[in-house]
Structures are given as structure tokens and as C-alpha cells.
Amino acid sequence: MCSPGRMPVFAVTIFTWYAWSWTTSPLRHVPGPFLAGWSNLWRLLVIWSDRYPLTIQELHKKYGPAVRIGPDTVTLDFPELIRTLYGTDGKFRKSGFYASASAVVDGKLSYLLFGEPDPSRHAQARKPVSKYYTLGAALDVEPHMDNTITELCAQLDRRFVSTDKACDMWQWSLFLIWDLSSHIIFSRPFGYLQHGSDFDGTIELSAVVNSYFQTVGQMPWLDFWLDKNPVIKIGPGSFTGLLKLAVDGYTARLTGADSKDGNPPQDYLQHFIDVKNQNPETVDDGAVIAYTMQHVIAGADTTAIIISAIMYFILSHPEVHAKVVAEVRAAGVDKDQPVPFNVARQLPYLDAVWHEGTRMQPIAGALYERDVPDSGLTLPNGVFIPPGTKVGLNAYITGRNTSVFGPDAEEFRPERWLQLPGEDTNTWNARLRLQRSVADLTFGAGSRICLGRNLAIVESYKIVATLLNRYDMSLDGGDGGGITEAFKADSFDKKINLGVGAYRDDQGKPYVLPSVRKAEEKVIASRLNKEYAGITGVPEFTKAAAVLAYGKDSTALNRLAITQSISGTGALRIGGAFLARHFPGAKTIYIPTPSWANHAAVFKDSGLTVEKYSYYNKDTIGLDFEGMLADIKAAPEGSIFLFHACAHNPTGVDPTPEQWKQIEAAVKSRGHFSFFDMAYQGFASGNIDTDAFAVRYFVEQGHNVALAQSFAKNMGLYGERVGAFSLVCADAAEAKRVDSQVKILVRPMYSNPPIHGARIAAEILNSPELYGQWLGEVKGMADRIITMRALLKENLEKLGSKHDWSHITSQIGMFAYTGLTPEEMDKLAKEFSVYATRDGRISVAGITSENVGRLAESIFKVKG
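So the number in our numbering is just where the residue sits in the sequence shown, counting from 1, plus 702.
Any given hint might turn out to be false.
[What the hints assert, rightly or not] Label pairs and their in silico Cβ distance ranges:
| hint | residue 1 | residue 2 | range |
| --- | --- | --- | --- |
| 1 | Pro-1470 | Lys-1532 | 34 to 42 Å |
| 2 | Leu-1134 | Lys-935 | 47 to 55 Å |
| 3 | Arg-1219 | Glu-1496 | 28 to 36 Å |
| 4 | Lys-962 | Lys-1232 | 56 to 64 Å |
| 5 | Thr-1322 | Thr-757 | 33 to 41 Å |
| 6 | Tyr-1399 | Leu-1136 | 51 to 59 Å |
| 7 | Pro-1082 | Leu-1501 | 36 to 44 Å |
[To be verified] Capping the alpha-carbon separation at 27 Å, the derived lysine-lysine pairs in BS3-like fashion look like this:
| hint | residue 1 | residue 2 |
| --- | --- | --- |
| 8 | Lys-1320 | Lys-1500 |
| 9 | Lys-1254 | Lys-1438 |
| 10 | Lys-1037 | Lys-867 |
| 11 | Lys-1532 | Lys-763 |
| 12 | Lys-764 | Lys-793 |
| 13 | Lys-1211 | Lys-1197 |
| 14 | Lys-1529 | Lys-1504 |
| 15 | Lys-763 | Lys-1529 |
| 16 | Lys-1314 | Lys-1335 |
| 17 | Lys-1565 | Lys-1504 |
| 18 | Lys-946 | Lys-935 |
| 19 | Lys-1025 | Lys-1289 |
| 20 | Lys-764 | Lys-1320 |
| 21 | Lys-1190 | Lys-867 |
| 22 | Lys-1504 | Lys-1532 |
| 23 | Lys-1320 | Lys-1363 |
| 24 | Lys-1037 | Lys-1306 |
| 25 | Lys-1245 | Lys-1438 |
| 26 | Lys-1211 | Lys-1529 |
| 27 | Lys-1320 | Lys-1565 |
For the record, the hints were derived by calculation from the structure and aren't laboratory data. C-beta atoms are modelled at their ideal positions from N, C-alpha and C, and glycine is treated no differently.
Let's have the full structure, built from the sequences with the hints guiding it.
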């Protein structure tokens, strides 16, 4: 036992040994973090931080193309070394990083194929099954893919298209690929699509296993103590923990439990068994189990990453989205059928999107480690790396190499994979070869290139094309969904959430209007019954809502059909369904580009065809007025146009009164029908009459408009779901007929609306005292938003920003388009803990007097 007196001596000895190792290391000339040169604990902690690829990228920017990240480990950013490090000659062997990609089977250590360190054993294990992973073999199982994709679409239709819910594409990509992998290998699905959840915890276990692999790979000796020591397994789930999945499937096949009429299914498991029977000397039961594990585990999460990342990049870039959807749909595949791979693969823009998506988000952001052989390695910059050093390239880093991809390598731009205007064919081909040689690192390279890459390619092309062909999609614009989750997970005490879709006070807290409190107290004190309201709702509310929207002196009030709705969304849904049934012209509605995320889904579900018209100019960060007028005039006569009455969501860009007059004239000249969405009356400018200008002007000019009202924002009645749909008719008689038809629509939809929120709104709108108080409060809310806009612009200008930020104050309402790119928004989140949607939209309600200065500094550091 070590005595207390010897402890200082022991500590000094350890420190001296580390200091001597550091000062005499042959890698001391390679720059990098100081602590990384002392211990691999540094990079293990970086992995734990979930910022590994970003941290490595920052280090390369700081230190150059060769960075020391461990006592004997160097990360490289020399794309020209791909063939050297990962060539088929096997000179650079896999390092100990991959040792944990193994499991103990019958007391024997069995490596998954990608983890096998010995090149000859790897080649021996890979050779007999490689024929099942060619492109031709992948196409042979395309019917399995079609069946699973069809099941996915059925679930999406039932769970999301027919409801008002957002779909978590990452989760559903996992359910899809795990079921698809099971179809291919076991001839049956695991059942994740049908359940709509990870019902047995296997997907979560796989995520834990992958995290374990990445973490212990930084200090490989940990794997023995945590997972493979014969006494006790200390650590979290490992590859050994997933062994049961493969063993159970293999056992069922050997016993005939999963066979029909005594004949085993002809699937990949049977292929592996056939390989074992044909190669008994080299392929045993452990190898069959390893093949099975490799196929399911390595193939599922990686392909799901490809699909969800590509869909995210498409949806976060409206121009790309519009272009790729048009190309896919022009291919002429029935939207109810999966898109064949041979069709999807021939679409040039989709192909460019696929390559750009996998470049921006490779399936792994880790270092593909290799041991430097006895001959050493001389880098392109002349630096010599001694034998025994661990070196490697990272697909996340090489995919952003500016010498290959240009100065905009951080941006998602599919056009870089296409021939540029004025670019000769030879130059384009040379550029494309260089880009693809680097991008190919997504699946590895050389003799260790991913065995299942052809399956992943076929699956991802088909799935992305099918989703684009079948669905009109947009990123969830509710309360920021994933943004809020990321915000909550951030431990930084000065983090800022600009993704929330509800008003916040200057302390960043939810705000209940005092007038609403008083009105609710009055409603409760009245002790009203809880009987159903009529189909069209609380009459005191609908009458007052009409006066608020159209004005107390409007002649439209005498020829108006109006019904209470379940907030603004419900009003849009009723209006869409009414027009789909009764509008005499084409059942096509034009919505602005961009628009509220739910508009397209609501109208499509109502039975209308959705088209788009120009609205936002990303170059000016303002209204594309000329494009808007041109599209209105070019649309077929008698079309339906949706207009945001005020505070356009998501841009905050509104036409001026004079522009509204020109828009009205264009609409009238083409005989179009106008449908207004007014969710922010009073909350946009602080004046209810100013915000209702467009609606009232159109009515004054003789238009019989439709109107959706919401009281979520201007009264803060978010959870009460208070809204109204109204239609201005030719006369009172027509209004009665419309009212009858609206009741027929509402009856099977929800029968009767909720009454509590409507009673609160009615109390406010019909009480002179409460109405006056509410007007003051909603103006105060609007004024706070306007003030925050001004302060943000002022702070950016004080910092010396080179950009014109006048659009921040010229826009109106709760949301603003900043003009920041998706990559800049990513940087705001990752480096400054400022969270908002990647399209550059921010909720100004999330800005406060306390955080506006830090927000401006963060934007300035990102944008300049």
C-alpha cells in the first residue's frame, strides 16, 4: 500500500513522465490545443460535448491543414491524400479506434466488417458477400423498398396529412429504414412504421451503441473494461448489447420458425447462410451473425441521416425546394406510387441536391483513423509524420474544403454540381471529378468503402423523390419545435430563443393581457351554463368580430355570413372547404412565397389545388411587388388568391396602402377572388384600423372577400383557439344560403366550437371599458415589438456593421426576415446560443431590452 508520504513523489513522477513525453514527442512541431498533446482525454471530452466536427473545423481554421488532437493523433485537411490513406493497397491500417466495433460470440471476439483491423481478414470476410451489395443486387430488392415506402406514405397520410401535426422527419426516417432493413434481411418489418414509435427500444439502443463506439474510440482501452472484460460489464449499451437482434433472427431461421411451407425466405439472411454453407472453412456462425448485425446497425442510422438531412436542406432553401419539386413532378410518376430509382437517378437537379446534401451532412463526422506505416508520411506541405502516428481525414472537414468547393463551401448550393453558365465541358468534368472524389469520403474510400453504399444510394434517392412527388411540405413553423428543444438543452445562461411563435414581455415571459383577466373573471362570475353553442358559435362574439374586422359602418355587415372557428387555422380550413365545394371557378388557390408553413397543407386538405405567387425578394429583403403583380395578372381568370392582411408571416413584409390599391386593381381586372388571413389585427401596427386597411379597401371596391380571423396573437388567447371565418356576399339572401352551407361543412368537422375563449373575446369587444383597455394593451404589445426592431438596428449600426439593416424596421409584426443565410443561422446557434429557424426568420417577441445588445453583437460577429 502506498503511504501518504509517497503520494507527492508518485504525482511528480507521473507529471515528469508526461512532460518528458510531450517535450520529446516527434509530433511537437504539429500545432494543436495544448492539452491535446498530453492526453486523449481531451478529444474524448470533445466527443462528449456533441460538437466534435465543429470543434475540429474551428481547429483547422486556426492551425491549418494538420492539427494535433492527441498525443499520437493528427487530423488532416488534405483531400489529395484520400487515395494515399485509404487506398486498396492497405498500407495504412485501421487504428485501434475501431476496436469496439465488435462483440463477443461464444467467448470469441467477432468484429463487424467495418471494424476488422486486419486487411487480409477483412478482405476474406468481405469477398463472399460483396456480390449481394452491388448496384444490381440493390435493384433486385427494390420491390421490398417499394412496399416499405408505401407503408410509410400510408402512415404519414393518416398521422400527419389528415391532422394538424408536424412530422419529425428524423424519427420517421429511422422507422422507415429500420423496417426496410428488416424487410431486406429477414423478409419482415420490425414494425416501427406501424407502431409509429421505437416500441421495443432497439433504435434507442442503437443510438447508444453508436455513441459508445465514437466515444471509446478516442481511448480504445476503455472498451475492454467497460464491455469486454470477463468479470462484469460496466458500461452502457455496446455492440454486444445488440447481439440478440441478430442471434434471434438467425436462430429463427435455423429452426424454421420464420419459414413458410418449410422453405426459407430468399433474403439477405439466407444469402449469409448460403455463404456459410459454401465457405465452411472461413465463414462460421459468428460471421453470419456479424454480417447480420452489420447490415442492420450500420445501414439504418446512416441512411436515415442522408434522407433527413437532404429533406431538411431542401425545405430550408425555398428556391431549391421549388426547383427540385418541379423537376421530380415533371418526371410523370404517379404520386401514389414510389418513384423508381432509374427515374430518380436521371434527374440532374435531384442528383445535385443529393450530392450537396451528403457533402454538407455526411453520415459520420468522425476522423477516419489510419496508422502511419513504417515509411512515415510526408504531407503536401512538407511536414513529416512519423510511423505509428494516427492520422485521418474527416468527411465533414474535407466536404468544406474551399480549395475544392470554393469560397462558399459553407453554403448549401446544389448548382455547384451542375455545369455553370459559360463553363466549358472539360472544365466542368474536371471540377466534378475533383468534387466527387472528395464527396465520396461520405461512404469511406478504397478497400474499406462502405459495403452497403449502393443500398443506401438507391433507398435515399427513391425516398426523397417519392416524398417530393407526393407531398407539399414545409418546415414546421409552429413554435419552433426543434428550436425550442435545442434552446432548452443549452446550458448557457444568456441563450436567446427567437423561434417561439407567441408574444413575450420584456422579461421574456408569457403575457396574459389584464383585459383578458378581467373579461375571464366576468365570464366566470356570470355563472353561464356549459351547453353547446350553435354550429356557428357564440353570436355575441361573431357579431363583434365582424365589426372589428370590417368596421362599424361597413355595408358588408348586412350581407355577411360568419361562423366562429377553431382559431385562424380552423377559419382557413372552413374557407378552403367552402371554396372547394362552391367556388364557380378553378379550385386553385395561390399563396405567397413564402407563406405561413401551414397554409399549403390546410388548403390542400380542404380540396383545393395550391399554387404560389411571388412575394418576397431575398436580394432586397423586401416585397417583390413587380413579381407579385405580374403573377396576379398571369394567373388564369377567376383564380383564388390568399393575402396576408397585415404582418405577413414569416417575412414581416407588407405592401403599402398605395401598393394594396394597385394589387386590388390587378385582382379586379382578372376577376380573381380574394381570401384574407388576418391573424394580427391591432398587433401589427398598434392600430386596428390601419391593420384592416387592405380588407376594408377591397370590400369598398366591390369585392366579396373571404376572411379568416384569429384572436390568438392580438388577445393572447393561444390555447383558447378563438377565430372566425366570414364571407361577404352579394346580398342578405345570399348570406343566408352561404350560412346554411357553412353549417353543413362544420357539422361533420367538429359540430360546435368551444365557448369559453369566445365568451372572453365577446366580453372584451362588447364592453366599452374593456375594449378601450384592450386597445391600449395591444398597442403596447405592438409598440414593444417596434421598439425592439429599432434597438436591434441601432445596436448593429453602432457596432459598425457594413450591411443595411433598414429592413428590420421597415418590416412589421412579430416576425422578421433578417437576410441571414441558413449557415449563418447555424453559426448563431452553435457559437452564440441564439436559436431561430434556418431561413433567417426571427420572432422579434424573443428580443428584450436585456438581450438585444448581445443579439446584435452575435449577428455582427456572424454577418459583419
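Legend entry - Structure versus earlier hints - violations, ascending order: Failing hints, ascending: 1, 12 and 20.
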